[in-house]
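Number of protein chains: 2
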Amino acid sequence: MTPKEQNHGLFDRACIIGIGLIGSSLARALKRDGLARELVAIDQSETACAEAIDLGIVTATSQDISAAAGCDLIIVATPVGVMPGVLQALADVAHDGAIIMDVGSVKGSVADAAAKLPPNLHVVPAHPIAGTENSGPASGFAELFENRWCILTPLARQDDAYLGAVEKVETLWRSIGSDVARMDAAHHDLALAVTSHLPHLIAYTLVGAADDVESVNEAEVVKYSAGGFRDFTRIAASDPVMWRDVFLHNKDAVLEVLGRFSEELAVMQRAIRWGDAQALEKAFTRSRGLRKAIIDAGQESAEPNFGRDSKPTRSDTDQ
Amino acid sequence: MTPKEQNHGLFDRACIIGIGLIGSSLARALKRDGLARELVAIDQSETACAEAIDLGIVTATSQDISAAAGCDLIIVATPVGVMPGVLQALADVAHDGAIIMDVGSVKGSVADAAAKLPPNLHVVPAHPIAGTENSGPASGFAELFENRWCILTPLARQDDAYLGAVEKVETLWRSIGSDVARMDAAHHDLALAVTSHLPHLIAYTLVGAADDVESVNEAEVVKYSAGGFRDFTRIAASDPVMWRDVFLHNKDAVLEVLGRFSEELAVMQRAIRWGDAQALEKAFTRSRGLRKAIIDAGQESAEPNFGRDSKPTRSDTDQ
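Going down the list, the protein sequences come from chains A and B. Note that the first sequence covers residues 1 to 319 in the working numbering. Note that the second sequence covers residues 1001 to 1319 in the working numbering.
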């Protein structure tokens, strides 16, 4: 029996609140592996609901959170900012013993909201470190979580019912191909500020600032973007509302790592101003090892230019 | 007759000084399209010379610049810092009417050095906006320049012999698949500071600063890099000596655009500190259009995650 078959029917009736990139990818993965007998998408947007039905990734949809009643698994895949409100609403709707799993990029604010829920509801905060720059139900795919890490930040509860719920959530993620780590919410928020939130902030800022130099126009930025700029545009194309909420809800950790980045940037600026060749070369040399480690860990493609230029595109008739 | 055949034998004897990523890619492209009858690699490194012969991409190699004698095309593909010295040495070696084409990422400093050469040598500064994070003769490929822009920054000379040389260089680039733009060296240096030099500096700084947060260790940075960090590691893995020289030789333009970036970053920092949701969402929304323009211009892949995650990697036996 393969692991997939083993976990078949892990949940009976699951719902996903927020059927965007992550929600719809989870829907596809759960469906593919038969992890839930029934799968309902709950989304404020009528369009998103209709799209989810058309895509055939859920068995039903609703614009009303009361559709979460009777679900043994409730996945909250909304922007982080509305999660506290969603959790509060679920307190009146969710049935006894339901597992509520959010998949937000910030965990501290979810933990605070979860602590207010009655103990018969088992909130298991999870964060899959996976995604693309696209949004909406159509952008999801079942393989998104494969060979990616999912971080669980369980609440400070030691009762058997809760620990069992955490185990079940871990089984879900492993079943769809993820590695799973557990840590506390504060550490998650700092680690992800380094590996995800700061990079997004920097990319948004760099891409946004490209039109700051009056004499270099946008057409030139576009043409010569293969010099390095285009690499930043991918994550700077991510969902603005999702990222707005990340920065509003992980303020302290982001400001902390941003401060350290700014110090480092000032050091580089001074090395350039003073023509300190040795300092520059030394700083530029240390990054190669880290990229190699990321490739070796299976978190990155080893292909030059991410492999995106590997297909020859030239045809003589184009000349 | 295809354009490729049309330009067959465009040059008689060509040499490439510096047989790294760009030099060896040019060697492969020139060879593939028969643009030079004979092709010599000149490199200080014995290993690089041996590698170029083994790869079969040149007809001969030399560690001595005097091998440039008798060449009608001399390509200078060294780091920018040594180019002035190379140009000076070529003044004694190159034959009457030779075209000397550098391919450096900074053009102002080359123009200054080129102005000192006798007028019977035709220096045509060129900068192909193409590359990968890899270095060395083995990392090159003939298709590197296809559908990429090459910027020429011709000297302020209007004599027919020189204008003819510029035309011939433009023909070379078009022949191997590039689009060609002409501008003055100062504008090039500012435009590339925006689209290439600043992005590299920011990427190097971000990747280098990843170990600044004591409580987040490198293993965590590696594991959770798919959250965005890994995108920065590609260009931060570029050749340290080449990039050291870029920043030493394009100091003014880099400091100028870096100042503007830092201002923008301070604005973002303040928006986060004050919880200014509207300002953040607005800033995050404007980047999508620019990425779309870059994709539409054929300078970027439209595939999510640059297409690097598109191949399902999971196998049940791995679980």
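I should point out that these hints are in silico values taken from the structure, not numbers from a laboratory. Built from N, CA and C at the ideal position, the CB exists for glycine as well. Any given hint could be a false lead.
Cut-off 30 Å, straight-line C-alpha distance, at most; resulting in silico cross-link-like pairs (DSSO-like, lysine-lysine) [stated by the list, open to error]:
| no. | chain 1 | residue 1 | chain 2 | residue 2 |
| --- | --- | --- | --- | --- |
| 1 | B | 1116 | B | 1251 |
| 2 | B | 1282 | A | 282 |
| 3 | A | 251 | B | 1282 |
Some residues of chain B that are not near chain A, with every Cβ distance over 12 Å (derived) [what the hints assert, rightly or not]:
| no. | residue |
| --- | --- |
| 4 | 1092 |
| 5 | 1120 |
| 6 | 1134 |
| 7 | 1197 |
| 8 | 1293 |
Distance windows between CB atoms, simulated [what the hints assert, rightly or not]:
| no. | chain 1 | residue 1 | chain 2 | residue 2 | range |
| --- | --- | --- | --- | --- | --- |
| 9 | A | 303 | B | 1032 | 20 to 30 Å |
| 10 | A | 278 | B | 1070 | 35 to 45 Å |
| 11 | B | 1032 | A | 286 | 35 to 45 Å |
| 12 | B | 1157 | A | 296 | 25 to 35 Å |
| 13 | A | 8 | B | 1136 | 29 to 39 Å |
| 14 | A | 89 | B | 1277 | 15 to 25 Å |
| 15 | B | 1286 | A | 262 | 20 to 30 Å |
| 16 | B | 1217 | A | 85 | 15 to 25 Å |
| 17 | A | 159 | B | 1298 | 56 to 66 Å |
| 18 | B | 1217 | A | 89 | 51 to 61 Å |
| 19 | A | 159 | B | 1136 | 51 to 61 Å |
Results for each hint:
With a C-alpha separation of about 22 Å, the suggested pairing of residue 1116/B with residue 1251/B holds against the 30 Å cut-off. For the hint linking residue 1282/B to residue 282/A, the alpha-carbon distance of about 38 Å lies beyond 30 Å, and the restraint is violated. Straight-line distance between C-alpha atoms of residue 251/A and residue 1282/B comes to about 18 Å, which keeps the hinted pair within the 30 Å bound. Its beta-carbon lying about 27 Å from the closest one in chain A, residue 1092/B satisfies the requirement of being farther than 12 Å from that chain.
Non-interface status of residue 1120/B relative to chain A is upheld: no Cβ of that chain comes within 12 Å, the nearest being about 33 Å off. Chain A draws residue 1134/B into its interface by the beta-carbon criterion, the shortest separation being 5 Å against a cut-off of 12 Å. At roughly 8 Å, the least C-beta separation between residue 1197/B and chain A is not larger than 12 Å, which violates its mark as non-interface. Residue 1293/B, annotated as away from the interface, has a beta carbon of chain A within 12 Å; the closest lies near 5 Å.
For the hinted restraint 20 to 30 Å between residue 303/A and residue 1032/B, the CB-CB distance of approximately 21 Å keeps it satisfied. For the pair residue 278/A and residue 1070/B, the beta carbons lie near 39 Å from each other, so the given range of 35 to 45 Å is met. A hinted range of 35 to 45 Å holds for the C-beta pair residue 1032/B and residue 286/A, which are about 37 Å apart. For the pair residue 1157/B and residue 296/A, the beta carbons lie near 51 Å from each other, so the given range of 25 to 35 Å is not met.
Taking the beta carbon of each, residue 8/A and residue 1136/B are about 50 Å apart, not inside 29 to 39 Å as hinted. Taken as a hint, the range 15 to 25 Å holds for the pair residue 89/A and residue 1277/B, whose Cβ atoms sit roughly 21 Å apart. Between residue 1286/B and residue 262/A, the C-beta spacing of about 22 Å keeps the proposed range 20 to 30 Å intact. Distance hint check for residue 1217/B and residue 85/A: the Cβ-Cβ separation is about 35 Å, which falls outside the suggested range of 15 to 25 Å.
Between residue 159/A and residue 1298/B the CB atoms are about 58 Å apart, so this pair conforms to the stated range of 56 to 66 Å. Between residue 1217/B and residue 89/A the C-beta distance comes to about 38 Å, which lies outside the given range of 51 to 61 Å. Separated by about 59 Å at the C-beta atoms, residue 159/A and residue 1136/B satisfy the suggested range of 51 to 61 Å.
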